[in-house]
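Undergrad: Residues per chain are reported as follows:
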Amino acid sequence: MSKRKISLKEIFFGTVKYGFLIFLLLVFVMPLLTVFFTAFKTGSEYTTTSVLQLPNSFLNFDNFKEVFQKGNMVNGFKNTVIVLVFSLLGSILTGSMAAYIFSRFKSKFSKFVNGMFLVAVMIPGIATQVATFQIVSGLGLFNTRLAPILLYCGTDIMTIYIFLQFLENISVSLDESAIIDGANYFQIFYKIIIPLLSPAIVTVLITKGVGVYNDFYTPFLYTPNADLLTLSTTLFKFQGPYGAHWEVISAGIIVIMIPTLIVFLTLQKRIYSGLVSGSVKE
Amino acid sequence: MTTNTETVAVDSKNIKKKFGFSSLPYKKQKIIISIVFLIIPVVLLTVFTYIPAFAMFGYSFTDWDGIAKTKNFIGLKNYQTMFSDIKYWQPLFVSVYYLIATFVQIALAVIVAYLVSFGCKASGIFKGVYFFPSLINSVAISFVFIFFFRPGSTLDTVLNMFGLSGLTKLWLQDTGTNNICLAFVSVWRYIGYNIVMFSAAMASISSDILEASRVDGANKFQQLRHIILPGISTILGLQLFLSITGALSAFETPYIMTGGGNGTMTFIIQTVQFAFQNHRVGLASAMAMVLLLLCIIVTSIQNYVMNKKAR
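First to last, the sequence lines map onto chains A and B. Quick note on our numbering: the first sequence kicks off at 1 and runs consecutively. Quick note on our numbering: the second sequence kicks off at 1 and runs consecutively.
Chain A with its partners taken away, still in its complex shape:
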């Protein structure tokens, strides 16, 4: 430890700094904490106690039972997982293929397509939903899981740029030596590029996965059928029947947040670096 004497000024600034950071911490934790408490309260307990008061017992799982039994949360999980798996597979495949062409074959054609993606960044997906909806229903995809899956695969430019960035760090001499060994371009892609892209794939899995898991408007607009509701739209439906039962809604909120929290706690570092690598390069 340094022998430097800590001045009063430093103590003052230190106090202000940590005071401010801790105040912010409370601003972030409080709204979630009260929901967490409420999720374990009984109906009468919720109406009679302050929201800041701890529940009588953290072992009261009645609200969670309600969420799963009557709130159709299992169905929501099922649909979210299906959409998630296929849209992740799809966007990793299309994203890596497109990025491979953009980075390795700089022909006029590939440059033109790359430009198409660059221009598309400017079109905010939500602004064109009015017309996208007509196309989706025109293709007969309204109220099918294929609609969100295709939309998630098709509108994703972020993924391509994450792959492009990683590809630029994979030396072209690797491709060249494989060519000397007689490999064709497909083999180079599957046997050399894809394995080397695995960190990028993890990054895409996380960022894209979080985006799909959290999205509300796509399932809201395209799969309103009760059997096809995702977690987002299932929870959204809680507003009606449970309008006055905040203890049940709270349990629903917590249930949806648990997978996110687990992913965050286990992959924190990867999430940070993934976000940064996805945004710096535009």
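Worth flagging that the hints you see were computed from the coordinates, not collected in a lab. For each residue, glycine too, the CB sits at the ideal point set by N, CA and C. A couple of the hints might just be wrong.
Claimed, not checked - Below, a list of computed lysine to any residue pairs in the SDA-like style, where the Cα atoms sit at most 20 Å apart:
| no. | chain 1 | residue 1 | chain 2 | residue 2 |
| --- | --- | --- | --- | --- |
| 1 | A | K78 | A | I206 |
| 2 | A | K9 | B | K220 |
| 3 | B | K30 | A | N114 |
| 4 | A | K17 | B | R225 |
Stated by the list, open to error - If you want a taste of the chain A side facing chain B, the calculated C-beta under 10 Å gives, among others:
| no. | residue |
| --- | --- |
| 5 | F20 |
| 6 | L32 |
| 7 | V51 |
| 8 | L52 |
| 9 | L93 |
| 10 | G95 |
| 11 | A98 |
| 12 | I101 |
| 13 | S110 |
| 14 | A131 |
| 15 | L235 |
| 16 | F236 |
| 17 | I271 |
| 18 | S273 |
Unchecked claim - Partial selection, computed: residues in chain B whose CB lies under 10 Å from chain A:
| no. | residue |
| --- | --- |
| 19 | I31 |
| 20 | I146 |
| 21 | A288 |
We have chain A already, so just place chain B on it with the hints.
TA: This is chain B only, laid out in the frame that chain A set:
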């Protein structure tokens, strides 16, 4: 016998080589693989991004209701309707709340990133807690804050604790506070993302430069102003522009929390309501075109500014 089968095997291998993909010259391979690998992304991009954008442009000149087989060309009438009545523009004023919130958010994020990046204990915990909201499901966040702002709920209880019970009101219904509350939710949700971005950019600023400036007598504020801000300017600009388009197209949180009622209607909520509830797809398309144009202008300015900086 054995030699026979062997030759057959070799033959089939040769045939494969002759007619297979590998036998093609690399130039032809290049063309084929370019087409095969790009066809699906291009089709998806065209069908779900470009065609809708152009179709919307077309719809905006019609009186289409979204259901009927026929649509009548009515020229610029939708745009006239829009420009003639202030009520269609109200949502743009609502966007101002989100825009101001965006600037506050970015400024605050820079300060917080600075505080947690340099000589901060437990910085990982602070960053983690601030960041986590940006990963939460949008319906969950909206519900958390409907609950937070409910009468007698979290916010009111905290105010009561500090003897400020006079301040309590129907936060989400009161036209004086509801947009501020909604903008606050958006700051709460996304600021952690900015903090992580900025602190990553700050981490790449050499500590030697900071140390040298300290030796030269620069104070913390001067360091922030003259070394750190220029050091993160690229990502700062990028985040700022992204937040502006984000503010213009605010939809999910306000839609779920207030449904656009009591003067909280944003441009997208209005568009969605006209298209899917009032069945006025023509008019909704004209509105969406205006928003699209605004976003394109912002992004073009962004590209121009960023390119100029890069040079």
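Undergrad: Decide, hint by hint, whether the structure agrees.
TA: Hint check:
Between A/K78 and A/I206 the CA atoms are separated by roughly 19 Å; this keeps the pair inside 20 Å, and the hint holds. Restraint check for A/K9 and B/K220: satisfied, since their Cα atoms lie roughly 12 Å apart, inside the 20 Å limit. For the proposed pair B/K30 and A/N114, the alpha carbon gap of about 16 Å is at most 20 Å, so the pair holds. Annotation: proposed proximity of A/K17 to B/R225 holds, straight-line Cα distance about 18 Å (limit 20 Å).
Because the beta carbon of A/F20 sits about 7 Å from the nearest beta carbon in chain B, less than 10 Å, this interface hint is met. Proximity of A/L32 to chain B holds as hinted, the smallest CB-CB distance being about 6 Å (cut-off 10 Å). Contact between A/V51 and chain B, as hinted, is supported at the beta carbon level, the nearest pair being about 5 Å apart and thus within 10 Å. Interface restraint check: A/L52 against chain B, minimum CB-CB distance 5 Å, threshold 10 Å, status holds.
Checking A/L93 against chain B by beta carbon gives a least distance of about 8 Å; that is within 10 Å, so the hint holds. Interface hint status for A/G95: upheld, as the beta-carbon distance to the closest one in chain B is roughly 8 Å, under 10 Å. The closest approach between the C-beta of A/A98 and any C-beta of chain B is roughly 4 Å, which is under the 10 Å cut-off, so the hint is satisfied. A cut of 10 Å between beta carbons decides the hint on A/I101: the least distance to chain B is about 5 Å, and the hint holds.
Of the supplied interface hints, the one on A/S110 holds, with its beta-carbon coming within about 6 Å of a beta-carbon of chain B, less than 10 Å. For the restraint placing A/A131 at the interface with chain B, the shortest Cβ-Cβ distance is roughly 4 Å, inside the 10 Å limit, so the hint holds. Contact between A/L235 and chain B, as hinted, is supported at the beta carbon level, the nearest pair being about 5 Å apart and thus within 10 Å. This hint holds: A/F236 has a C-beta 5 Å from the nearest C-beta of chain B, less than the 10 Å allowed.
Given hint, A/I271 at the interface with chain B, holds; its Cβ is 8 Å from that chain's nearest Cβ, closer than 10 Å. Hint status for A/S273 relative to chain B: holds, with the closest Cβ pair at about 8 Å, below 10 Å. Among the interface hints, the one on B/I31 holds; its C-beta lies about 8 Å from the nearest C-beta in chain A, closer than the 10 Å criterion. A distance limit of 10 Å between C-beta atoms decides the matter here; for B/I146 the minimum to chain A is near 9 Å, and the interface restraint holds.
Here the hint on B/A288 is kept, as its CB sits about 5 Å from the closest CB of chain A, short of 10 Å.
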